[in-house]
Amino acid sequence: MTAANITVSETPLVLYTLRRADDALILGHRLSEWCGHAPMLEEDMALANMGLDLLGQARELYSYAARVEGRGNDEDKFAYLRDVRQYRNLLLLEQPNGDFARTMVRQFFYATFADLFWRAMMHSSDPTLAAIAAKSEKESAYHVRHSSEWIVRLGDGTEESHRRAQEAIDELWAFTGEMFETCDSERGLIDAGIAIDPATLRAPWLKTVSDVVREATLALPSNDWMQQGGRSGRHSEHLGHLLSELQSMPRTFPGATW
Amino acid sequence: MVAAALDDADLRRRAWDAAAQVVDPEIPVLTIADLGVLRDVRIHDGHVEVAITPTYSGCPAMNMIALEIELALERAGIARPTIRTVLSPAWTTDWMSEEGRNKLREYGIAPPQAASSRRALFGEQQVTCPQCGSQNTELLSEFGSTSCKALWRCRCCREPFDYFKCH
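Protein sequence lines correspond, in order, to chains A and H.
For the first sequence, counting from 1, position 32 maps to 40 in this note's numbering; every step adds exactly one.
For the second sequence, counting from 1, position 62 maps to 92 in this note's numbering; every step adds exactly one.
One chain only, chain A, in its complex shape (with noise of 0.2 Å):
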C-alpha cells in the first residue's frame, strides 16, 4: 500500500452526503462480489444490475461532495484513498454475503430503507442531492420489489430455505437500528430542509417489512438492541477487507490509467 490516504474537511453537508455515498459503493461492492457466482444466471444479472445502479448512485454523490468540498478531492479519491475509519457507511451494508437468503435480507432491510429515504430526499432544498434523489428512487423501487419477492419465495419455500432466511433476519436484526438515526452535524442540515429527519422513516420502514415478513412466513425478532458505529467510522471487521480489495489496485499503482 503506497498511495496515502486523503483527507476530507468533513462539514456538515460533505459529510452527510459521503454517508450516503459509501452505503451505495459498498453494497454496491458486495453485490458485485455475486458476480458469476448467483444461484441462477436471472439473480446473477439481477444482483450485478443492482449493483451497478448503486455505483451510479455512489459516483453522482460522491462527485457532488467534491464539489462541495472544493479541496481537489474527486469521486475516485473518495472512493479508493480513505482507510476504513474514513468511511461512513451503515454496518448492515458491509456485511458479509453469507448464503443467498442473508444477501436478500440485508437488500431488502436496507432497499425497503433506501426506497423511503430517496423519495422524501425528492424534496431536498439542495437541487443537486433532490435530483439524485429523483433517479434513485426509481431505481431502488425496482430494489424494493425484487428483494420483497425473494423474501417471501424463501421465507415461504422450503424448510431449509426458510431456516436460512430466519436466520438471516435474526443475524441482520440489530444493524437496522442505525438507519433512523441522526448524529449532531445532521441536525442543522434537517433544520434547513436539505436533509431529512431518518426517524420519520421508520413506522412506514417497519410496516412494510413486517407486512412482507409476514406474508413469508418469517417473523422479527422481538429484540431492540441495535449496534452502531458505522455513521461515526467504527466498522466490523469486515469492511478492511472489503476495502483492500477494492483499493488494492490505485493503492498499489497511484495514478494509473487504463
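FYI, nobody ran anything at the bench for these hints, they're computed from the structure.
Predicted model, so just to flag it, every value in this text is computed and none were measured.
Among these hints, one or two may not hold up.
Stated by the list, open to error - The following residues of chain H were derived to be distant from chain A, with all beta-carbon distances above 10 Å:
| id | residue |
| --- | --- |
| 1 | Glu56 |
| 2 | Asp75 |
| 3 | Ser87 |
| 4 | Glu98 |
| 5 | Ala106 |
| 6 | Gln161 |
| 7 | Glu172 |
| 8 | Ser175 |
| 9 | Arg185 |
| 10 | Lys195 |
Claimed, not checked - If we take Cβ atoms under 8 Å as the criterion, some of the chain A residues that face chain H in the derived model are:
| id | residue |
| --- | --- |
| 11 | Tyr88 |
| 12 | Ile140 |
| 13 | Ser144 |
Cβ atoms here follow ideal geometry from the backbone N, Cα and C, with glycine treated the same way.
Following the hints, put chain H in place on chain A, whose structure we already have.
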C-alpha cells in the same frame, strides 16, 4: 450581431442533428434522440455544449455515448464540444418518441408501457409480446441484459424477449 445570432442558430441545429444520429451502443436501433437521452444543445461564444441524461444512474453506456457525440460532431466539422450530464429532471420512458417505440418493437424489444405498478409490491403487469403480439406473457426476471430491460417470456409463441422497463 444578427449575423452572429444566425450563425449560432445554424451551429446549434447542425450540432443537434449530428448528435441526434448517435445510437445507443446497447440498443443500436435507437438514437439518443429517440430515447430522450439527448436533452439540449447550447452555444456559448461559438462553443458547443451538449447535455445528456442517463437512463439509469449506473448506465455504463454514458461514457460511450459521450465519446460518440464528440466523434459525430467532429465528422460534422464542429469543434470539440463540452458534454454535460444532467440528472434533473430525471429521465423517464415517457420521453421515448413514438418512432422510438415502434423501432424497439420491430427490433424484438417490448417498448415501455405506461403502468402504475412500478411501486406496487408483487404488482401485476401486462406486457405485449413483440414477436407475436400476444398478451399472454410472463415475467422471468425484473433485471435483464442491461439496466433498462427486464426479461419476459411469451406463453403463446414461447419466445423469451426483452422488455424495456417503464421508468
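Here is what the structure says about each hint:
1. Glu56: holds, 13 Å
2. Asp75: Holds: least Cβ distance 24 Å, greater than 10 Å.
3. Ser87: Violated: least Cβ distance 3 Å, not greater than 10 Å.
4. Glu98: Non-interface label on Glu98/H holds, nearest chain A Cβ at 18 Å vs cutoff 10 Å.
5. Ala106: holds, 28 Å
6. Gln161: At roughly 20 Å from the nearest Cβ of chain A, Gln161/H sits farther out than 10 Å, so the non-interface label holds.
7. Glu172: violated, 5 Å
8. Ser175: Contrary to the label, Ser175/H does not stay out of reach of chain A, its closest Cβ about 7 Å off (not over 10 Å).
9. Arg185: Consistent with the label, Arg185/H stays out of reach of chain A, its closest Cβ about 17 Å off (over 10 Å).
10. Lys195: violated, 8 Å
11. Tyr88: violated, 18 Å
12. Ile140: holds, 6 Å
13. Ser144: holds, 6 Å
When each numbered hint is compared with the structure, violations occur for hints 3, 7, 8, 10, 11.
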